[in-house]
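Visitor: These are the residues of each chain, in order.
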Amino acid sequence: MTRIESVFARPGHKALIAYLTVGYPSIEATLELVPALVNSGCDMVELGIPFSDPLADGTTIQRASYRALQQGMTPQRCLEVAHQLRQRVGAPLIFMTYYNPVLRYGLSSFCRACADAGVDGLIIPDLPPEEGGELEKLTRRHRLDLIYLVAPTTIEERLGLVAARSQGFIYLVSLRGVTGVREALPADLEGLVARLRRKTSKPICVGFGISTPEQARWVAKLADGVILGSRILEIVESSDRPTQAAASFIRQLRDAIEES
Amino acid sequence: MKMSDKERIPAYHLPDTHGRFGQFGGRYVPETLMSALEALDKAYREAQQDAHFQKRLAELLKNYAGRPTPLYYAARLTEHCGGARIFLKREDLAHTGAHKINNTLGQGLLAERMGKRRVVAETGAGQHGVATATVCAMLGLEGIVYMGEEDIRRQSLNVFRMKLLGAEVRPVSGGSQTLKDAINEAIRDWVTNVDSTHYLLGSVVGPHPYPMMVRDFQSVIGEEARWQILEAAGRLPDYAVACVGGGSNAIGLFHPLVNDPEVKFIGVEAGGLGLASGKHGASLVAGSIGVLHGTKSYILQDEVGQIRETHSISAGLDYPGVGPEHSYYKESGRASYVAVSDEEALEGFQLLCEKEGIVPALEPAHAIYYAAELARQLTKEQIILVNLSGRGDKDLDIVAQATGIQL
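Line by line, the protein sequences give chains A and B. Once you know that position 251 of the first sequence is 251 in my numbering, the rest is easy, because the numbers rise by one and skip nothing. Once you know that position 396 of the second sequence is 656 in my numbering, the rest is easy, because the numbers rise by one and skip nothing.
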């Protein structure tokens, strides 16, 4: 069983997944934040490899990416950070980035390096299954999960395609738009999860727009996992003691999800 | 003559159904947009087969945009260079002052046909923004144009024009504050408002079907130029020369000539402050293969795949990517690509002003400079066809500043 599978194998357990931009605000902060979040009830961590043109991201992750890049973050350094984190946490680590840095690194070399660093999966928001065939062969060879996304606009015929091709779990984008905090989630999310359930038995995790324990509780009732990113970065950005503040937020989310 | 020539051209089948030109092109976009791109592709193919749509577009191109634009023999420029005869395709005389209107009319009608009343667009120099705002006003659509803050500063006249035409201009402060960032922001808007909104992309870049669709709408340039040069000179040109940022005016000229092997294509990219300086926009000449804005093509990137900041005196060429069909032309050898610096473009600008009484935009001034240099090396029997893609009123401030003249 892979590390990702074992998260979903626990009966009745809902996955809490946190996103962090690697190197924001610093590499040291990332190395400290990830174990703290995992110890506070986070089941998986998405590690964002910053890209200069993150077109699926809202202002919070854009800003974090920009600052991380200014400090010299590269895919290679992100791999080194992941490798160090792997010594400290048992939770699955998933890289989230855009296709160009991966292409530039070399698809095969990148997959090998991810496997060597102890990374469990990849999320690449600008790589739909139609373009992902080549990378998919390599992720399978290196036992990495290539996680594809489903959106509210995904038509019926594509739901089956994305569900069949996604490995590990399916990343369900809750709303039409980019990442970032929203006051309310779309009311039709329940129907969307149900539509997807009819196509697949794979775990479904919902992300984009989720920022409060109440929203997390509601999403956890519908899906198998809840993904938060921008809100965590906002807390890291605005707090004097970012690690404690982020960990405390994860505990609140965990408690809310348990109540679901 | 027009029809029989067209029929003579064998079919050119690219892109394939996946939007590929060889290894280039494709659809590297967030899942949210996949269905919208599929729907756009379908709507476009239906519109192509719809005689009513084609008739309406043809009428607007004629009576609204002023087509066909003239083909002009630049006699004094030719004489000055002392070599090949230079003909100019006068896209600067199209309504709004550039070739951009050909595409915005086509996509505007398509948006209307798809029932999308809200249109977003990106702009660099402002020419595509103006052409979008124009068509939105004419069709009664809501127009929103994203423009980098740096470009807003250097193209203030066009910003004012867009506002006069009723469009909303949204400044983009991220990244390098130029065309690339405006495209990012327009895509983010489209992802958010995809049900109500058409993204009116202004060049042959982006995910499929944009490179194909924009090419087709711009092909009117080369279709006209082909019969015009046959009429004027009795034969096809030896060279077709056009500037390349994203590459829409160049593809518009080249594509209808793609199966005329005697016509050599030359795309002129922005050399900026010189290729060695790293401050340029020459994706094909000095870039490498990557994925930007939904398409695989030549791009300007650093060693770890971050997109480089670019520089050009002309905002319309200040872009780190290029249309995938140009990458295919480069790889297959059908076209060759060169770079012309800011300084040389200014020379081309002045040359056309002084020798022909035509003020070109700084973008085609790159092509003018190259064509003049090329003409000198050729014989008087040879012909160069240059796409004069836009007029230069918008650039007078920049030219004054660059040449040290106080207005």
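Worth flagging that the hints you see were computed from the coordinates, not collected in a lab. One thing to keep in mind: the hints can contain errors.
Rough simulated footprint, nothing fancy, chain A against chain B, three-plus residues with beta-carbon under 8 angstroms [stated by the list, open to error]:
#: 1; region: 311-317
#: 2; region: 326-336
#: 3; region: 400-411
#: 4; region: 434-440
#: 5; region: 452-464
Backbone N, C-alpha and C fix where the C-beta goes; we use that ideal spot for every residue, glycine too.
Visitor: Confirm or reject each hint.
Guide: Results for each hint:
1. 311-317: violated (count 0)
2. 326-336: violated (count 0)
3. 400-411: It is violated, with 0 qualifying residues against the three required.
4. 434-440: Coverage by chain A holds here, the residue count being 3 at a Cβ distance below 8 angstroms.
5. 452-464: Per the Cβ count (4), the hint holds.
Checked against the numbered hints given earlier, the structure breaks hints 1, 2 and 3 and satisfies all the rest.
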